[in-house]
Amino acid sequence: MGLLAPKGAARGLGDKVKSLMGRLFLGGALCFVTHAAQSADMPTKAANVTEQSNNWTLNYTTDVRYFSWSGTRGFPSNSPLAANGRGTMIYAPMSLSLSGNVSPDFKLDFVARGGYVSAKQTTANETGSVSTPVDTQLSATGTYYGFTGFQPFLSVMTNLPTGKSALYGNDRFARMDPDLVDLQTYGEGFNIGPTIGVNIPLSTSLVMTLSAGYTARGAFNKEGPAIFVPQPSQRVQNGNESTVTLALAYAEGALSANGSVAYSWDTQSTVDGIAQYRAGSHVLISGGLGYAFDSHWSATLDGYFLHTNRNDVPDVTGTLLIPEAFNSNSNLVRLNTGLKYAFDNGITVGPIASFLYRDANAWVPTAFAFVPAKTRWSVGATGGYAVNKKLTLNARFEHIWTRENIHPDAPLFPGTGVPDMTGRAWMISAGLTLALN
Amino acid sequence: MNTKLTIAVSIAALTLGIAPLSAQVRCATTIDNRCVDQRVLNAAQNVAIQSSQQKISQTARPVAPTQDGSYTKPTDITRFENSQFGTGLTHLP
Chain A
-11 MGLLAPKGAA RGLGDKVKSL MGRLFLGGAL CFVTHAAQSA DMPTKAANVT EQSNNWTLNY
49 TTDVRYFSWS GTRGFPSNSP LAANGRGTMI YAPMSLSLSG NVSPDFKLDF VARGGYVSAK
109 QTTANETGSV STPVDTQLSA TGTYYGFTGF QPFLSVMTNL PTGKSALYGN DRFARMDPDL
169 VDLQTYGEGF NIGPTIGVNI PLSTSLVMTL SAGYTARGAF NKEGPAIFVP QPSQRVQNGN
229 ESTVTLALAY AEGALSANGS VAYSWDTQST VDGIAQYRAG SHVLISGGLG YAFDSHWSAT
289 LDGYFLHTNR NDVPDVTGTL LIPEAFNSNS NLVRLNTGLK YAFDNGITVG PIASFLYRDA
349 NAWVPTAFAF VPAKTRWSVG ATGGYAVNKK LTLNARFEHI WTRENIHPDA PLFPGTGVPD
409 MTGRAWMISA GLTLALN
Chain B
304 MNTKLTIAVS IAALTLGIAP LSAQVRCATT IDNRCVDQRV LNAAQNVAIQ SSQQKISQTA
364 RPVAPTQDGS YTKPTDITRF ENSQFGTGLT HLP
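Each protein sequence line maps, in turn, to chains A and B.
Per our numbering, the very first residue in the first sequence carries number -11; after that it's consecutive.
Per our numbering, the very first residue in the second sequence carries number 304; after that it's consecutive.
With the rest of the complex left out, here is chain B (with noise of 0.2 angstroms):
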């Protein structure tokens, strides 16, 4: 599955980058016209994003491995959920 995944997601990935379809970009402005810089515009996005995520996935969030002490760790969220208190009965002998 994961093999299948990553081809349908480079082939993708080649078709768009192959053939931009756009070449300019436009920044982020505030209210009074000025660019932001992408990089804290970027920050505060991706920090809601993942936060109002926070049990997507028990495995891992869906960002690079090397951005995962970035965020809160999913076992940190889903703990109660996986001890023999929540549903993680079954791990009882």
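Bound conformation, chain A alone (with noise of 0.2 angstroms):
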């Protein structure tokens, strides 16, 4: 802060008024704040600020993303209704993102995401649809730059419940595949997820960041089954969920990359009080490499590695959570590519592919059978036109395939399994970002 404002400067009563807020939107990083007045006169540092016109960017993003799709079979897949299936969905989002610096060694990043979807399935001449507000996502992050060697940060993430959890009646149709939708759910309980961590600059070029998470995840309302009149609902609490990570990046010339191992474990989860399982801790490898060939052609390829280890499921007795005989959780990979060529007048356009694999090593315990594998193809296009300085407008379409091999009976009950499936659907995107300083 000394370098904002020299000693002896004269102060309206509006800076100071204004400064004030500053310090009580930092809340608990006040001891940074305080440390960055303390060291604002090392003359070592001064050397690492630089002056910026204005160091707060807030910018504005939205798309809209239309689906439609349809496969020989509905989904839920195996619902005794499901026939062939198709379905639409309007999914628009946006968000808000606000980063600056409150003084020369504290930064903040705010983001508030929200969006509204409509979604409509109809499979067996049973028809679902919805029309809602999706949940909130609220974030904010607080980085310290005073240290030499090392930056902490502390985030904070919310999920606010302003979607719509319960679908009654054939409304529930109105949940789709997620392989071929963007969204499964329309909305949850409030839940909210602080994050520490610190990055640690290996070189200039090379940074390591470690971070420990906590996931404290809120009840929400869901529909209970709908064979009963009226259809009830059901207090879902799903368990809380504790990470630690550790990322990499590094950019050097045309080339960056990014990379990370996550580990996470969870608590129980609950229906109406009663406990239904605890999700297997699982394992994220995710990473992501891009190459500049020359001004105008650069590629992307990035992807993530999931491995859950087994759940615990209730034992005979149903009063205790037990490790379940076998992992009922897929692995699952994702691969994402993209090739990139940038005219000289702001226009980009490019081809980009995608491919998802759950493998068939799945075991389903109220199935007494591993569930089959799946796989996800998307061949598509993108484009953007960089109309100012202040103003990128975006597209996107994509064709996508699925194919989920044989269902098996469930034993002791014949015809219960489902043939292999297939799934087409196409996506078209079109939305701007906008910068509002």
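Be careful, since some hints might not be right.
Claimed, not checked - Taking lysine-lysine and the BS3-like style, the derived pairs with C-alpha atoms no more than 27 angstroms apart in a straight line are:
1) Lys376(B) x Lys108(A)
2) Lys152(A) x Lys108(A)
3) Lys376(B) x Lys328(A)
4) Lys377(A) x Lys328(A)
5) Lys328(A) x Lys378(A)
6) Lys376(B) x Lys152(A)
The set of hints was computed from the structure by calculation and includes no laboratory data.
Two chains, two separate frames, one set of hints: put the complex together.
Okay, here's the thing in structure tokens:
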């Protein structure tokens, strides 16, 4: 702060009020600001301070996505009513992001995200639809740059229950295969997730980040079985999750890369206060590569691998959770790639493709069967146009194919299996990013 | 609710944007006091934060929609919870 307001400089009441607002905004990070005031006069650090005309950036981003799909089976695929299915979804997410420094040493980042969705599925003469705002996500991150060699940060994310978690009657059919559309659910409870971590620059172009997060997930209502009239509600309490993460990022010349490894473990999940399961601990490995061949051509490749260990499930008495006999969680691999050509007039275009695979080795305890492998392919194109320094337009379209192998009959219940299934979808989207300052 | 949030964030942003509390910023430094590429630091930090909050929402991550493809898809992480075999039992007729 000393670098901002030299000692003895005259400051009006308005400036003092605004400065006070900023300090209040910092909240628990006050100790960092205090340290900043103490260390700002250190001559060795002055070389690492840069001037900026306006250090707050505010961006508004939105797009509208339209999905249209059809398949040899509706969703959920093993519903007794399921037959050929088709559906549509219009999803319009939007976000406001604000970033800036309240002192030379302290940076704040805020994001608010929400949106609206309208979805409809038809299968076996049953039609379900929903139109609702989706849940709202807020995040705030404070990063302290006053230390030499490491930068601690604190982040808090929330999910506000502005969407619709319970879909009564036939509306429940509006939930569709998330491999064909963007959203599987339209709301849940209030979640809050603090993360604490530290960035450790290993060189000017290689940074390692260590972090630990906890996600406290609030209860919410979901519709009960539709066979009861009136249809009851159920109180769902998903398990809380703890995660530790190691991340690396690198950029030098035309090459940029990042990767992370995260390990998570959960508490038990309940419905109406009765323990249902405890999700197995899982490992998430993610990474991305980007390379600029020249000033026009560039390419990206990113993806992740997810492995989940065995869940805990109720024992025969239904009172205790014990490890399941076989792992009911699939391994998952997702890869995305794209090639981009940037014209001199601000237009960028290029093809994109993605691949998803769930392995065949997942055990479903309620069906006493292994669920089959599933693959998802998509091919499309993306484009953008920088109208000026503040406005960028973008568009994307994709064609999606899914294939799921045969579901076997449940033991002693012939005819309960499902033949192999295929699905196809189109997705088109258009959006913009607007710099508001 | 979304409209109210948008207004609230806009007011906060305008307040801060009109009167930036700091026109100077310090770069992140290595242990030998060299400035780090801010894009690299942002990338590592954002990946770490998002990976540490995989279940913050089943709908979307708190990122710009254009960044949805940069992180894990929420439905890949919470798929079991929303299957018939998790608490999504209510999907069944």
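Going down the list of hints, with the structure as the test:
no.	hint	result
1	Lys376(B) x Lys108(A)	21 angstroms, holds
2	Lys152(A) x Lys108(A)	15 angstroms, holds
3	Lys376(B) x Lys328(A)	23 angstroms, holds
4	Lys377(A) x Lys328(A)	20 angstroms, holds
5	Lys328(A) x Lys378(A)	21 angstroms, holds
6	Lys376(B) x Lys152(A)	20 angstroms, holds
Consistency note: the structure conflicts with none of the earlier hints.
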